[in-house]
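Colleague: Chain by chain, the residues run as shown.
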Amino acid sequence: MAMWQQEIEAMPREELEKLQSERLCWQVNRMYERVELFRKRMDELGLKPSDIHGIEDLHKLPFSYKQDLRDYYPYGLFAEPMENIVRVHASSGTTGKKIVVGYTRNDLDKWEDCVARMMTAIGLDNKDFVQVAYGYGLFTGGLGAHGGATKIGATVIPISSGNTANQIQTMVDFGSTCLCCTPSYAMYLGEAIEEAGQTDNLKLKAGIFGAEPWTEEMRHAIEEKLRIKAYDIYGLSEIMGPGVSYECSEQCGMHVCEDMFIPEIIDPDTGEVLPAGASGELVFTTITKEGFPLIRYRTRDICSLNYEKCACGRTHVRMNKPQGRSDDMLIIRGVNVFPSQVEEVLLKVGSGITPNYQIVVDRINNNDTFEVNVEMDESMFTDDVKSIERLEKRITEELRSMLGIGAKVRLVNPKSITRSEGKAKRVIDKRKI
Amino acid sequence: MFVKQLSVFVENKFGRISEIINALAENSIDISALSLADTSEFGILRLIVDKPELAVDVLKEEGVIVKLSDVLAIAIDDAPGGLAKALSVLTDANVVIEYMYAFIGKADGKAMTVIRVDDEAKAIDALNKGGVTLLTTDDISAR
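Protein chains in written order, with numbering that gives the first Met the number 0: chain A, 0 to 432; chain B, 0 to 142.
Any given hint could turn out to be false.
What the hints assert, rightly or not - Only part of the chain A face toward chain B is listed, based on derived beta-carbon distances under 10 Å:
(1) L60
(2) I387
(3) V411
(4) K414
To be verified - A short list of chain B residues far from chain A (calculated; beta carbon distances all over 12 Å):
(5) N21
(6) A32
(7) R45
(8) V63
(9) D76
(10) L82
(11) N93
(12) A101
(13) I123
To be verified - Here are the simulated distance ranges between beta carbons:
(14) A:E388 x B:D77: 33 to 43 Å
(15) B:L33 x A:E216: 24 to 34 Å
(16) A:A310 x B:S39: 53 to 63 Å
(17) A:K429 x B:L67: 36 to 46 Å
(18) B:L53 x A:E388: 29 to 39 Å
Source of the hints: derived by calculation from the structure; they are not laboratory data. Note that CB positions come from ideal geometry on N, CA and C, so glycine has one too.
Based on the provided sequences and hints, a complete structural model is requested.
Modeller: Below, the structure written as structure tokens:
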């Protein structure tokens with residue numbers, strides 16, 4: 000099987016670990032000099048960069064958290080002057096404030112390599128037509144896939160997300176051989192293509208799907224509907240974007256680009272590193288990132304790592320699909336949603352009092368549904384249909400502007416939301432993922 | 000001059016109205032008039048009852064959001080043109096009607112209409128001058 004950077008992807012582990020050690024020391028040194036928060040945390044632990052000799056010392060280093068990105072919003076954690084930052088991306092944080100990440104030219108180049116490795120691993124090359132139906136913009140999905148496809152010399156079709164009829168027509172007319180989008184959109188497209196009777200006119204052979212959790216059953220359904228192989232891609236903007244890890248043709252776990260990102264699995268409660276193969280919270284250290292590097296970043300994704308050599312010949316460790324979260328973040332239609340964001344909107348609308356609320360998420364016909372039930376109280380109630388409708392509409396609009404996705408808002412009776420031990424259950428996720 | 004009206008928030012949920020009405024029945028509260036404003040997501044149930052304060056307590060006990068407010072109620076002839084005459088009095092006085100609902104009263108030959116207006120003082124004045132009878136809670140509940 001072809002590799003994009005064989006000498007790195009199939010590097011003997013011993014050599015790879017030596018490379019990681021060198022890069023880790025380089026990163027710790029420069030971050031200690033350049034990133035105030037990191038220096039502060041090192042000092043608190045009484046650690047000096049000279050105490051870090053290699054990856055065996057990784058566990059001594061302080062963790063970093065999503066909250067840090069918010070506290071130092073927008074550029075406070077960058078390790079390069081803005082003159083060297085050529086791109087920023089952003090995603091929603093735990094509250095209204097976005098989290099911002101920055102890339103140097105080298106960072107973009109390496110990111111493209113991550114995605115190029117995946118595309119090569121699943122058999123794509125410069126003869127392929129890659130339809131990028133992830134959203135383009137501050138979200139890393141669109142431009143991430145775009146960069147990798149450009150790098151392998153494929154013909155990129157930068158259609159972005161939405162407009163299903165146009166997606167199908169383009170796919171047929173332009174002869175797309177690879178589709179990049181969220182798995183739920185792939186499923187939806189598959190059905191629409193079937194309905195349009197266009198399945199036989201497709202040249203698709205592969206799909207690269209990520210940005211939201213999906214199941215093996217969904218993979219089979221997509222593969223059947225679109226008559227392709229469906230591959231999983233993992234990433235998060237804090238670390239890089241899509242391509243931090245990816246499936247190869249073997250489809251048995253996602254290879255982490257270990258020459259750039261060192262993964263660890265920890266106990267989310269104690270922070271202890273867990274032995275290989277154990278399930279726990281995934282933590283990443285970026286050892287080549289220049290613009291926005293992170294040491295021991297807590298992803299909150301729960302998964303495990305497999306260090307056995309893969310049949311594809313790659314030596315880079317494989318992670319399995321995240322099995323859940325160690326925080327309360329939800330991924331709805333590919334968008335990160337924290338209950339605290341919903342709370343913030345309700346606080347604003349409820350003029351100082353947060354009404355009781357409940358988020359109900361489900362997946363119906365492979366589309367995520369997102370309902371927010373809000374308990375009415377006397378201060379919100381008037382004897383006037385219009386003013387209650389206005390309230391409902393205002394909550395809906397504020398949620399959309401905060402989260403970027405639509406929610407169905409329902410006003411419900413007081414005390415009708417289930418409580419356990421006096422505390423309302425905030426989230427009901429009925430999706431079987 | 001005014002009639003007490005209960006406005007109840009009704010969540011769009013099967014059996015909800017029935018629960019509310021049952022609670023009133025169990026406490027021997029007599030409903031004289033009722034209207035339901037509905038949207039696709041919720042409703043407002045408006046009620047005229049004989050014991051409005053008790054009704055509020057009962058419904059609050061049930062965990063229902065309820066508000067008590069004053070509305071106008073008029074008696075009109077239960078004959079063609081009865082309502083038209085009363086309404087034209089309000090229109091001529093530039094009073095805006097926000098909602099209204101009618102019911103057949105117990106008083107002989109009279110129908111009754113509950114009216115919510117934008118300007119109550121102006122409406123009362125116009126109705127009095129126009130010779131339209133305004134009712135109280137007692138008038139409506141009298142047997």
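Colleague: Give a verdict on every hint.
Modeller: Each hint, compared with the structure:
The restraint placing A:L60 at the interface with chain B is violated, with a minimum CB-CB distance near 51 Å, outside the 10 Å limit. Because the smallest distance between the Cβ of A:I387 and any Cβ of chain B comes to about 7 Å, under 10 Å, the interface hint for this residue holds. Annotation: A:V411 was flagged as interfacial toward chain B, and the flag holds, the nearest CB pair being 5 Å apart, inside 10 Å. With a cut of 10 Å, the hint placing A:K414 at the interface with chain B holds, because the nearest CB-to-CB distance is about 5 Å.
Every CB of chain A is more than 12 Å from the CB of B:N21 (nearest about 15 Å), matching its label as outside the interface. The claim that B:A32 lies off the interface holds: its Cβ sits roughly 15 Å from the closest Cβ of chain A, which is beyond the 12 Å cut-off. Chain A draws B:R45 into its interface by the beta-carbon criterion, the shortest separation being 7 Å against a cut-off of 12 Å. Listed as outside the interface, B:V63 is inconsistent with that label: its C-beta sits roughly 7 Å from the nearest C-beta of chain A, within the 12 Å cut-off.
Once the 12 Å rule is applied to beta carbons, B:D76 is consistent with being away from chain A; the minimum gap is 28 Å. No beta-carbon of chain A comes within 12 Å of the beta-carbon of B:L82; the shortest separation is about 22 Å. No beta-carbon of chain A comes within 12 Å of the beta-carbon of B:N93; the shortest separation is about 20 Å. Every CB of chain A lies more than 12 Å from the CB of B:A101, the least distance being 18 Å, so the non-interface label holds.
Every CB of chain A is more than 12 Å from the CB of B:I123 (nearest about 19 Å), matching its label as outside the interface. Distance hint check: the CB atoms of A:E388 and B:D77 are about 35 Å apart, consistent with the given range 33 to 43 Å. Checked against the given bound of 24 to 34 Å, the beta carbons of B:L33 and A:E216, roughly 50 Å apart, lie outside it. A hinted range of 53 to 63 Å for the beta carbons of A:A310 and B:S39 is consistent with their spacing of about 55 Å.
Judged by the Cβ atoms, the range 36 to 46 Å given for A:K429 and B:L67 holds: they are separated by roughly 39 Å. Taking 29 to 39 Å as the suggested C-beta distance range, the pair B:L53 and A:E388 conforms, at roughly 31 Å.
The structure fails hints 1, 7, 8 and 15 (numbered hints given earlier, in ascending order).
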